[in-house]
Structure formats: structure tokens, C-alpha cells
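Use the sequences and the hints to build the structure in full.
The lines below spell out each chain.
There are 4 protein chains.
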Amino acid sequence: MTTPRALAIVAGLGPGISYGLAHKFAQAYDLVLLARSASTLDPLISKLESDPAIKSLKPGPKIVGIPTDVTSVESMSAAVAKIRELGKPVTLAVYNVSSGFNRSPFLETDIKDIENGFRSGGYGGAVFSKAVLPLLLNAVGKVTWESGERVNPTLIYTGATASYKANPGMSAFAMGKWSLRALSQSLAREFAPQGVHVATVNIDAIVELERTKGMLAGVEDGKLKPAEVAETYWGLHTQGRTSWTWEVDVRPWVEKW
Amino acid sequence: MTTPRALAIVAGLGPGISYGLAHKFAQAYDLVLLARSASTLDPLISKLESDPAIKSLKPGPKIVGIPTDVTSVESMSAAVAKIRELGKPVTLAVYNVSSGFNRSPFLETDIKDIENGFRSGGYGGAVFSKAVLPLLLNAVGKVTWESGERVNPTLIYTGATASYKANPGMSAFAMGKWSLRALSQSLAREFAPQGVHVATVNIDAIVELERTKGMLAGVEDGKLKPAEVAETYWGLHTQGRTSWTWEVDVRPWVEKW
Amino acid sequence: MTTPRALAIVAGLGPGISYGLAHKFAQAYDLVLLARSASTLDPLISKLESDPAIKSLKPGPKIVGIPTDVTSVESMSAAVAKIRELGKPVTLAVYNVSSGFNRSPFLETDIKDIENGFRSGGYGGAVFSKAVLPLLLNAVGKVTWESGERVNPTLIYTGATASYKANPGMSAFAMGKWSLRALSQSLAREFAPQGVHVATVNIDAIVELERTKGMLAGVEDGKLKPAEVAETYWGLHTQGRTSWTWEVDVRPWVEKW
Amino acid sequence: MTTPRALAIVAGLGPGISYGLAHKFAQAYDLVLLARSASTLDPLISKLESDPAIKSLKPGPKIVGIPTDVTSVESMSAAVAKIRELGKPVTLAVYNVSSGFNRSPFLETDIKDIENGFRSGGYGGAVFSKAVLPLLLNAVGKVTWESGERVNPTLIYTGATASYKANPGMSAFAMGKWSLRALSQSLAREFAPQGVHVATVNIDAIVELERTKGMLAGVEDGKLKPAEVAETYWGLHTQGRTSWTWEVDVRPWVEKW
Chain A
1 MTTPRALAIV AGLGPGISYG LAHKFAQAYD LVLLARSAST LDPLISKLES DPAIKSLKPG
61 PKIVGIPTDV TSVESMSAAV AKIRELGKPV TLAVYNVSSG FNRSPFLETD IKDIENGFRS
121 GGYGGAVFSK AVLPLLLNAV GKVTWESGER VNPTLIYTGA TASYKANPGM SAFAMGKWSL
181 RALSQSLARE FAPQGVHVAT VNIDAIVELE RTKGMLAGVE DGKLKPAEVA ETYWGLHTQG
241 RTSWTWEVDV RPWVEKW
Chain B
1 MTTPRALAIV AGLGPGISYG LAHKFAQAYD LVLLARSAST LDPLISKLES DPAIKSLKPG
61 PKIVGIPTDV TSVESMSAAV AKIRELGKPV TLAVYNVSSG FNRSPFLETD IKDIENGFRS
121 GGYGGAVFSK AVLPLLLNAV GKVTWESGER VNPTLIYTGA TASYKANPGM SAFAMGKWSL
181 RALSQSLARE FAPQGVHVAT VNIDAIVELE RTKGMLAGVE DGKLKPAEVA ETYWGLHTQG
241 RTSWTWEVDV RPWVEKW
Chain C
1 MTTPRALAIV AGLGPGISYG LAHKFAQAYD LVLLARSAST LDPLISKLES DPAIKSLKPG
61 PKIVGIPTDV TSVESMSAAV AKIRELGKPV TLAVYNVSSG FNRSPFLETD IKDIENGFRS
121 GGYGGAVFSK AVLPLLLNAV GKVTWESGER VNPTLIYTGA TASYKANPGM SAFAMGKWSL
181 RALSQSLARE FAPQGVHVAT VNIDAIVELE RTKGMLAGVE DGKLKPAEVA ETYWGLHTQG
241 RTSWTWEVDV RPWVEKW
Chain D
1 MTTPRALAIV AGLGPGISYG LAHKFAQAYD LVLLARSAST LDPLISKLES DPAIKSLKPG
61 PKIVGIPTDV TSVESMSAAV AKIRELGKPV TLAVYNVSSG FNRSPFLETD IKDIENGFRS
121 GGYGGAVFSK AVLPLLLNAV GKVTWESGER VNPTLIYTGA TASYKANPGM SAFAMGKWSL
181 RALSQSLARE FAPQGVHVAT VNIDAIVELE RTKGMLAGVE DGKLKPAEVA ETYWGLHTQG
241 RTSWTWEVDV RPWVEKW
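Chains as they are written, first to last, in our numbering: chain A, 1 to 257; chain B, 1 to 257; chain C, 1 to 257; chain D, 1 to 257.
One should not assume that every hint holds.
[Said to hold, decoys possible] Ranges of calculated distance between the beta carbons of each label pair, as one might list FRET restraints: (1) B/Gly100 <-> D/Gln27: 38 to 46 angstroms; (2) A/Pro43 <-> C/Lys82: 51 to 59 angstroms; (3) A/Pro105 <-> C/Ala78: 32 to 40 angstroms.
In short, the hints are calculated from the structure, not lab data.
By construction, the Cβ of each residue, glycine as well, lies at the ideal position given by its N, Cα and C atoms.
What follows is the structure, given as C-alpha cells:
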């Protein structure tokens, strides 16, 4: 728990990593969850609120879903207006937005896919960051943990192997992810001395999800569990400011790399 | 000289590196030079054509300027139509387009600048590549040097230090350049086995130009000379196909890095 | 606490990061601490044992110092024999050994310094790893946390900025550190599928120590606090095996990079 | 040809890349070739001298073999004494020494193999560099090409994919190669401003050799030809000093990476 009770924002809510993050952050934070549509947000928020680990918290976290296109300046700006109305400091924000991707030969890749890779990659990351950084800067030095220690406002991006390696047939996805990593590195250098910790987590894994059930079927713990990677995000957020990490990679024990 | 006489395309013609490239390539190639406006192209083409080293060539190179916005699918498509009319194989293409950049704090950086960084970075690179790769693929195995050796069609991108390092205040420029490097790496992997050599040259330098005259004024050979770096591009183009390079860095001897 | 009570090994005990690690690990582990001489080990172990946070633990950790040259196969082998006598599983081992370094022009650098950089870098890391990996492998699947969750045996190396960047005048130090990072990457890939988590922490900081008191004097939290970075090592050790990190960087909020 | 006629040194002569380098350099240079034993040097020098392309040169190059253990300070020092006796400026030196390597599980890898990896990697590179850098520095500004342009003394190291990627079972080889790359980067930064160009070529290929005949048998141009990669080394050597490259990768067109 933080004093005063602060807000964590997760952009790109879905059933995978972002849900795991929300579940973890709810232990200490009120939540603002962003996804394109209420039809994505509502069932996941219901699931969160009815999770025994969340229900048992006293006081329980307030969880607000705001349908938002985080790659649109206007939409993101409207979301921030609503977040400000909540009247709480924001000390944690995660950009966990991804385009889907298909491997396709470059000459068969639509230029729109390249556009879209950038939209949900670096561009969306920038739109989101421009919106939330003022909130995070605002909270520097003003929120503490129950222990009395300083809460360092933190902005985390979810990357992928494709954030630093561009495989054949993956240009659209990789271009977006590389540009997001560039953003993250530039902002880490600019905002750390202002008190905001900027970090990146590169996921090298298939995530354990309903729709990935058939994959790596026989391999024990072969897929990344959102609840496990959430600990790594949380670890980044709680690092003391003499020891901040910019980038970590995560992958299952059996992953080849 | 190549047999049959082939074409080199340089996109992003200006007075610096690209002019040096055109000057070098003209020793062996006819040229198609692309820049946004005829007012940029015309004086540089006149300068090229009147250069003694070019004038002395027999037969002299044919140099065609096509005003083109290489970041527009339509404009680039029109340019390719004109190139096809020239009826010559294309075995060398260079993407040397850059947005200018200003260091600015992220929260004062217009989202348009981020958009533009990507336009002239990865996106423009992709538009250009989608247009010229069919031409390059078409020339695989069909053109030789006077010596009889195979000319390997080559696609080269100009990068920068900001292609792999994102400094504070440089997010817009870096995001564009990182995405271009991602494109280059993905295409290098995809097209090498099809016979097209894809490479990147990362420039870590101030270029010697009229407008940089005042910079590093007392330092001998402190600025990159386009004629010198042109040899490195040429070296990439003439590598035998058992020994292709994807990426090189270049910087003046006195540069700190 | 682990079940059964397990051992953590820290190689390269000194007053800085390694002391912070020992202090952190003692919350859950018995400790084996390695340093070249008893005169280094004894006062630090006394300090640890008399630390209120350690003294209050019931049962308190057993802390054993073994004077060892971890860059010597024989000495390390003798240490392992003593560790085996303790009869406990080993689930955490940290290689935190460094040569000191002085910037010196390469032609004035003694070849012995280059030898020594490698001794305490990759070579010492390899000697240590060959000695402790059989112990760690032995503990795979056999130790749990009080919660019942699996303890994943973990081997962590301390690196530096010089692990991936070789500055002028720093060749001896950098060569040792790069070779250690290579070792760490190779072993991470080899041992993860066998159940041992191998990771690297690259420190980009001046460490807060008695002898660094005068440095960055006016800068609040400008130096890395061992207690803070210890949380990051602990975070690596406690990652679930679907989400293992190989490498993290850490630096103070005000550090330029 | 250079004025005055200068010397190129190739360390690690064998039938592969280094032979290709010697063959290329002989077009312009007298040669000093180093290998452990006369039984390696003599037949290769005979082969070189009887090569039609070399025999046709007027004046032909002087080719001197000096049996040398380049990883021994004493042996390398004796070689330099002999080189000095030749009374010629040295403007090109290549370190092309490699241990062989076998993939082996780390716990079955002899610590001697790790020692040896470093010997022929960074350590040998350092011994060689300490010996030849004074010669190279001595030649700065004193030698020109026939065109009158400055010859920039150049020191080049041969690396491998294992110079930046450490695969499982490859720790000994990778540790040596990473340390050599670190050396190369540190020296590039230190000696460029003194006029000596330091560069690295990372080979990602099987080299076309008698003993690799059976490998990639059906693949046209699937193996790296020493004569082709020699052009890349030569290109590095002849770069103007406003445009020096530190690192290039090379691989056959069909290589997966």
C-alpha cells in the first residue's frame, strides 16, 4: 500500500501479461486499465474483482476501466482527464500494447501493416508517455510505501525479442518494437534525473493463455506465466533509486535463444 | 562499367553524402537521383555533369533526376514507372533520407516530429524498398562487371549513431532510425538468399558541407568527407557473395565514441 | 527460509556489493563467504553477525567464511570440499570478483594486468562455475520456499559497464569483464534447461563505500547502495522458471549513460 | 604500391583467410608472415611466391616468414626485432589467430581449454598489438600511396560470430573472442586519434578450404572465399581517415543468422 493511496495505469489490457500485471498491482494500488473497448475491459475487470486474492484485500482496490485508443492523442488525452478526476497520484504506468503479427514475405506485407506496427509500437508508446509522464513527474517525492520509503514513479514498456532482433518476414512488427525500445532508452536517460524510472521488459516467450493452450503442450512450464513475469515488473518498480534498471529480458527456462 | 550498363538509384539527394555517392557511382553506372523537388535535384545534377571526373568518362553516365517523395507509396510508384521506362537493370539502390533533428525535451516534442522521424526513417525506407526490391531481384544473375564477375544487386541504407543509441531529447530521430535499422536487418536476412545484398552504413560524424564549415573548424579531417565514405558504400556493393556485410560504422579518426 | 535450509555462496566478499548481498541472503539462507584471506572475511562476518537485522532472526543463519582464491582450481576445489561437509543444498551462488583497474594507455599497460583482468574476469568465473554448478544442479527440484514453491538454483555474476563497452585505457579490465559476460551467456543457455538459472547484473555506478565517500559528494543518492542492488539479485533468484532473466543493468538515477 | 615500400604483417598464417589476405596484400606490400612453425610457413610462402598473380608483379614483393608464437611476449618481441631489421615502415598488421574449438558441455570442458581460448583470443591479440603498435605509430604520416594519398597504418583483428554471441558449449572459444573484441574496441578508441586505424572483421561462415570440402557440398558459394573477404580487409585499410570503420560482419549470402 502507498501513502497516499496511488494509482497504477496499465495500457493494453488483455487476458495475458497485462492481466497478470493488474492482478499484481492491485495488491498495492488502485488501478486504471486501458483497452480499446469496454467489451474487452468489462469481463476482465469483473474477473479481477471477483478474484479471491483481490476480494480479500481490505480496503480493496478501486479498479477503473477507460475505453481508450492509446495510439490516439485525443483519446489518450480524454483518458488522462478522467484519471485526473480520480484525484490520486500516479506512480506506475505500463505500456503493454502490441499489434498482432504474422510472418509474411516483405513484398507481400502491406504498407498498412508497417504503419500499424509503428502505431502500436513507438508511436503509441510516445502518445501514452506524453500523456502519463506529467502525472508521474507530479508524484515524484510525494508518495511513500507503508514502510516510509519513497515510491519512485515508474514507466515500463513491454518489448519482445523483436525489440532487438529483426527476423525475416517480421519487418512490420520489428520496426514498431525497435522504435519503442528507442523511445524507452531515450526517456530512461531523460527522466531518471527527474525522478521517474523508465524501464523495458523484453518478453522472449509464448505466454500461457487460453488461446496458446495447444502450443508447447508437453513441456512443463514452457510458457510464460503472467503472474510470474508480473513479479519482475514489480521488482523494477520497487528498486531503490540508487539502483535502477533500464532493461531486462525474460524467457522460460526451456526457451532456446 | 557493368554489362549491360546498369542503373544506380540514390534516394535523398542533397549536397552531402548522397552527392558523394552519386559522384562515385557515376564512374560505373547510369544514375537515377531522387529528391523531393526539382529545385534540389537540378543544380546538383548540373554540378555532377560538369565535374571534370564525370565529364572525362567515355561514354559518360546518363543522369536522371526524378522529383519524388520517397515516403509516399504513390510518388515512389510513379518514380519506379519512370525508372522502368529507362529499360536498364537496376543493381544498386541507396536510401539516404533523413529528417533533420533538434534536441528537444520529450514533453516539448511535438507528436508530429515523432511521426516525421518515422516517415523518413523506417516507413520511408519500407516504401522505397518495396518499390526497388522487385527491380533489384530482377537483375540478379543478369549483370556482370567488365571482368566478367557477377554484379550483386545491392540495397544500402544510411543510418546514424542514433540507429542504435537513443540519447535524451532525441527520441523522434532515434525512433525513426532504429526502425530503419530493424527494416534493414530483416531484409538482409530475407533477401540475401534471393541474391540481393542488403546493408547499412551508420554514420557517426559531422559531414563536411558548406553549412558545417564553422564546426570543428581547427580539426584536420575532423568531418566526414562524402567522397571517402562513398568508397565504403562501393566496397559493400562490390563484395563477393560469399562475404557479404550487413552493417558498418564510420566515423572520423578524431571522433569520440 | 527454504526447506530444507539451503546455502548461498558469495565469492569475492568485500565491504561493498557482496556485503549487501550477504546481508540480504542471510534473511533466508545459511552463508558461505569466500575471499582471499581470513583478514578480509573475519571482520565482515563479525559485522554481519552483529547486525541487528541478522541477530533478530530465529533461527539465525550459519555464516561460514572460507579463505579461497576463487581463480585457482585447487583452492576452489578445497572450498567445495568444505561446503559439501556442511551437508546442505546450495541454491544460490554469486561471483562478485573484480580486479581493481586503472586507466592506462595501452602501451604502458603491463601484460600482467591483462592477464590479471582475465584471471578475475572470465577465468575466475569459469573456475568458480565449474566448482559450484554440480552443487546447484544437485539441488534442482529438491528445495522449496516456506510457501511450498520451488527454489530455482541460481548462479549470478556481477558485471560492469565495461562488460559491454571497452573504453580507451581500459583494455585489461574490459577484456576480463567481456569474457565473463560471454561465460555467463553461454552458461545461461546451457544450464537453464537443466534447471539452473544463470544471470548477470551489470553495475554502472560508483558504489557507496567508506573509500568512495569523497566522490559525488553533493549528489543525493548518487552512489549505488549495496542494500538496494541486493534486492535486484534477490529478485533474479526468486523469479519463477517461466520467466527467467539473463541480464540486467543497474545505475543510480542521476548516472549519465 | 606504397612510397616508401611498406610492410604488412599477417599473424596466424594458415591455408584459409590469412592466406587470402597475404595474397591480396602482396599486390602492394612486402610481407611478414607469422605462424608457430616453419613447417606451416614454408609451403604457404612457396605457394604464394609461385602464384602467377604474385609472380607477375614487378618488382615482386619480398615475403618473409618468421616462426613465432604470437601469444608469447618473448617470441613476439624477437619477431619485432627481425621486422625492424628489414628497415621498412609497417602500415598494416592483421591478427588472425584462432584456437580450434569443439562444442563441449561446460562441466566437461577442461579449464585448460578456457585458458587456451583466451591465449589465442584477447591475450594473444594484446601481445601482438603491444609489439606492432609502436611500428604502426611510427609510420603515421610517413607513407603514401602512388597517388600521393596518405597510407593510414591499420591494425585489424579477425573475429567470429562467437565474438558477440556465446552459445551453449562454446564458452572457451567465446570468452577468448569476446575479450579480443573488447581489446579491439578499446584500441580503436585510443589509437584512432593517434593516426592508427583499428578494426575488426567478424566472420560468420565456414571458410572454403581443403578440409571443409565436404561441408555445404551442394550449396553454390555457400562457403566464404578468402579472396573475397580479403577485399573487405583491404577496403578497411584504404578508408580515408574521415571515414573509418571499427567493425564489420561478413557471411555468405545463404548463411542463416
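field: Status of the given 32 to 40 angstroms range, CB of C/Ala78 versus CB of A/Pro105
entry: violated, 60 angstroms
message: Quick check: does the Cβ-Cβ distance between B/Gly100 and D/Gln27 fall within 38 to 46 angstroms?
response: holds, 43 angstroms
message: Is 51 to 59 angstroms respected by the C-beta to C-beta distance linking A/Pro43 and C/Lys82?
response: Between A/Pro43 and C/Lys82, where Cβ atoms are some 58 angstroms apart, the hint holds.
Checked against the numbered hints above, the structure violates only hint 3.
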